[in-house]
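Engineer: Spelled out from the first residue to the last, the chains are:
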Amino acid sequence: MSSANTSAAGQGLANRFNLQQYVVYLGFLAIFLFFAVVLRDSGFLTVRNLSNIVLQTAPATIMAIGLVFVMSAGEIDLSIGSTVAVAALAAAVTLGQYGLIAGVLTGLGAGLLVGLLNGALVAYVKLPSFLVTLATLGLFAGVSRSMTDLRSIPVTDSVFTGFFGSGAFLGIPSLIWWTAIAVAIGHIIYRETRFGAHVLATGDNARAASVSGISVPRIRLAVMAISGCLAGLAGLLYAGRLQAAKYTLGETDLMTVIAAVIVGGTLLNGGRGSIIGALVGSLMMGMLNNGLILMGLSVSDQMIVRGLIILAAVAVSLREKSR
Amino acid sequence: MKLNSLSLALFAGLVAATSAFAAEGVTTGPHGEKPTPAATMTLNQEQEQKIRDGKFTAALVWHEMSEYTNAVNRGAQDEFKRLGIEVVAQTDAGFDGARQKADVETVLAKKPSIIVSLPVDPASAASVYDPARAAGVKLAFVDNSPAGYEHGKDYVTIVSDDLFQMGNKAGIAMAEALGKKGKVGYIFHDADFYVTNQRDGAFKVTIEKDYPEMKIVAEAGMADPARAEEIAQAMVTQNPDLDGIYVTWAEPALSVLSTLRNAGNTHTKIVTLDLNEPAALDMVKGGNIAALVADEAYDIGVTVARAAAGSLVGRQAEPFLVVDSLAVTRETVADGWKRSLHKDMPTSIAQATK
Numbered sequence: 001m002s003s004a005n006t007s008a009a010g011q012g013l014a015n016r017f018n019l020q021q022y023v024v025y026l027g028f029l030a031i032f033l034f035f036a037v038v039l040r041d042s043g044f045l046t047v048r049n050l051s052n053i054v055l056q057t058a059p060a061t062i063m064a065i066g067l068v069f070v071m072s073a074g075e076i077d078l079s080i081g082s083t084v085a086v087a088a089l090a091a092a093v094t095l096g097q098y099g100l101i102a103g104v105l106t107g108l109g110a111g112l113l114v115g116l117l118n119g120a121l122v123a124y125v126k127l128p129s130f131l132v133t134l135a136t137l138g139l140f141a142g143v144s145r146s147m148t149d150l151r152s153i154p155v156t157d158s159v160f161t162g163f164f165g166s167g168a169f170l171g172i173p174s175l176i177w178w179t180a181i182a183v184a185i186g187h188i189i190y191r192e193t194r195f196g197a198h199v200l201a202t203g204d205n206a207r208a209a210s211v212s213g214i215s216v217p218r219i220r221l222a223v224m225a226i227s228g229c230l231a232g233l234a235g236l237l238y239a240g241r242l243q244a245a246k247y248t249l250g251e252t253d254l255m256t257v258i259a260a261v262i263v264g265g266t267l268l269n270g271g272r273g274s275i276i277g278a279l280v281g282s283l284m285m286g287m288l289n290n291g292l293i294l295m296g297l298s299v300s301d302q303m304i305v306r307g308l309i310i311l312a313a314v315a316v317s318l319r320e321k322s323r
Numbered sequence: 001m002k003l004n005s006l007s008l009a010l011f012a013g014l015v016a017a018t019s020a021f022a023a024e025g026v027t028t029g030p031h032g033e034k035p036t037p038a039a040t041m042t043l044n045q046e047q048e049q050k051i052r053d054g055k056f057t058a059a060l061v062w063h064e065m066s067e068y069t070n071a072v073n074r075g076a077q078d079e080f081k082r083l084g085i086e087v088v089a090q091t092d093a094g095f096d097g098a099r100q101k102a103d104v105e106t107v108l109a110k111k112p113s114i115i116v117s118l119p120v121d122p123a124s125a126a127s128v129y130d131p132a133r134a135a136g137v138k139l140a141f142v143d144n145s146p147a148g149y150e151h152g153k154d155y156v157t158i159v160s161d162d163l164f165q166m167g168n169k170a171g172i173a174m175a176e177a178l179g180k181k182g183k184v185g186y187i188f189h190d191a192d193f194y195v196t197n198q199r200d201g202a203f204k205v206t207i208e209k210d211y212p213e214m215k216i217v218a219e220a221g222m223a224d225p226a227r228a229e230e231i232a233q234a235m236v237t238q239n240p241d242l243d244g245i246y247v248t249w250a251e252p253a254l255s256v257l258s259t260l261r262n263a264g265n266t267h268t269k270i271v272t273l274d275l276n277e278p279a280a281l282d283m284v285k286g287g288n289i290a291a292l293v294a295d296e297a298y299d300i301g302v303t304v305a306r307a308a309a310g311s312l313v314g315r316q317a318e319p320f321l322v323v324d325s326l327a328v329t330r331e332t333v334a335d336g337w338k339r340s341l342h343k344d345m346p347t348s349i350a351q352a353t354k
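Chains as they are written, first to last, in this note's numbering: chain L, 1 to 323; chain R, 1 to 354.
If you're looking for bench data, these hints aren't it; they were derived computationally from the structure.
Wrong hints could be hidden among the right ones.
Below, in silico cross-link-like pairs of lysine to any residue (SDA-like), each with a Cα-Cα straight-line distance of 20 Å or less [as the list claims (entries may be wrong)]:
#1 111/R to 40/L
#2 209/R to 243/R
#3 126/L to 40/L
#4 81/R to 298/L
#5 111/R to 46/L
#6 215/R to 243/R
#7 55/R to 41/L
#8 55/R to 42/L
#9 111/R to 42/L
#10 111/R to 50/L
#11 111/R to 126/L
#12 209/R to 172/R
#13 81/R to 297/L
Chain L with its partners taken away, still in its complex shape (with noise of 0.2 Å):
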């Protein structure tokens, strides 16, 4: 832009792309704004409320940051919402019987486990991963049904519940610590490593990512892999806060978490991501839910109110970046 010479076209188009990367922030903004005028005396200002909103969201946060690495490859993780269920209950039954350790392993093992077999089916068989991974979402949700006989698993080790789920460090709650390792790691290997390059290349265009020497298949193997160790890890979060573990844990996260990627600025057929903006638009879907209920909405006009909002938001990020 230095140059007279610089159209004006180029310069709408670098406009255009701050717009598209700020969406986000200017949503989660503007709504922050709305309830903080429209609640001001119904405690959603409070440190406790705003801090329960982050809580609420590290699980859904933790997957986001998985979701965002396998859609910028250009795939899709559907079985997320069934994972956690699967990774919480196998955590759960080993801590019980094996300890902490043991626990904390099977249930990180069990997130890998799908996450590699989504990830072999994608890469290696070659099958499109809205398809496998929308069989393996229902072939898991049948399997953490059938794994304790839908009973739920109460977990009672402390130093589980307080590391994953309502402990606190330095005066800050682990699951606020998680979040933040979470997306500190997240975003340094998605923008600072070759890996991360990789993964944009291979959603940009497979077919170049192939042709100048990066090995597809297994960038396609290991974001699945990412995307259901984080699950597995969610679920842990879900058992330590909830100190038990349910057959149902995870089941309404799906859209969830795919709404605030795509909010978050990532494309739903690869090549450009954020995980801050994950971060951002988790924090956005849980704000929402908050504030909806805080203004003493029925049940029925919250769904219906946040269903717009989130169209309205889509609609802004992807026209952005469509244009």
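We have chain L already, so just place chain R on it with the hints.
Structural biologist: Quick look at chain R alone, frame taken from chain L:
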């Protein structure tokens, strides 16, 4: 609808509850509590005035929204309104315990005096409601309470159906429909679920004990409602002369109904539980359905709200309050819809009764 709300929620203490019923012939609470009729939960004028003066608030934290929850919700809202209590929030956890925990945390920002709720999962519910309990909020529950919580100390009361009475009324309705004699098929819920087990058992006991000329000649357990049609088909094939079939709740009863219709059978009567529009429509048109036994869901809401409000002014509620149920037949369908759901019957049924 009722089954959904309860079946998943109730595991702890089921076995004890079910066996206790068999001995006593009455409904017992999820932790073996003795039932008290909901109608005894009253407030005097002085208590009501004190509540109105208190400017209290309440939040409704539901497990999921269904026709049943809607009726309970309406009952609670109306009663709170009558007592001058503002409902500041209502939530729907979509059967997810983690979401219900988030909902409780969220509504606490509005500092409600009361939370009325149906726990998604009693086994893990203590961690869900602990923040509210710690904040001194009065907790009143529908159908179940968190494991480890003590009545009077941690929560006000549990309000639920009189499950034995529901099964019993289904038995009586069947007897009325068949002229107190005949062969009956019995399709029960083949799972360890406190709600259906008590209702099914009560039907069976009623037929066996009170109607010597009626006989249950075929029994079939149903674990999956989607398979109800196959079960009914097998039962009708083996026993073509059945006079009546009891079905554990309305949704599978529709499958049984379709089996009978397909076979051109207009003779066999069906009695089942819960109000359901297609079933009721068949009933008013003189089809196979003879009666639908329904709980007074609206009254569950009224009672739980009243008990919670009373606790704010020192009125202690009994641990387990049960509402009445009623057998709805062709003649009583309009009134039944009103009493159970506090709504006018659907227009399709109103038109069919004209």
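Engineer: Confirm or reject each hint.
Structural biologist: A quick look at each hint next to the structure:
no., hint, in the structure
1, 111/R to 40/L, "14 Å, holds"
2, 209/R to 243/R, "18 Å, holds"
3, 126/L to 40/L, "53 Å, violated"
4, 81/R to 298/L, "15 Å, holds"
5, 111/R to 46/L, "12 Å, holds"
6, 215/R to 243/R, "10 Å, holds"
7, 55/R to 41/L, "16 Å, holds"
8, 55/R to 42/L, "16 Å, holds"
9, 111/R to 42/L, "9 Å, holds"
10, 111/R to 50/L, "15 Å, holds"
11, 111/R to 126/L, "54 Å, violated"
12, 209/R to 172/R, "11 Å, holds"
13, 81/R to 297/L, "16 Å, holds"
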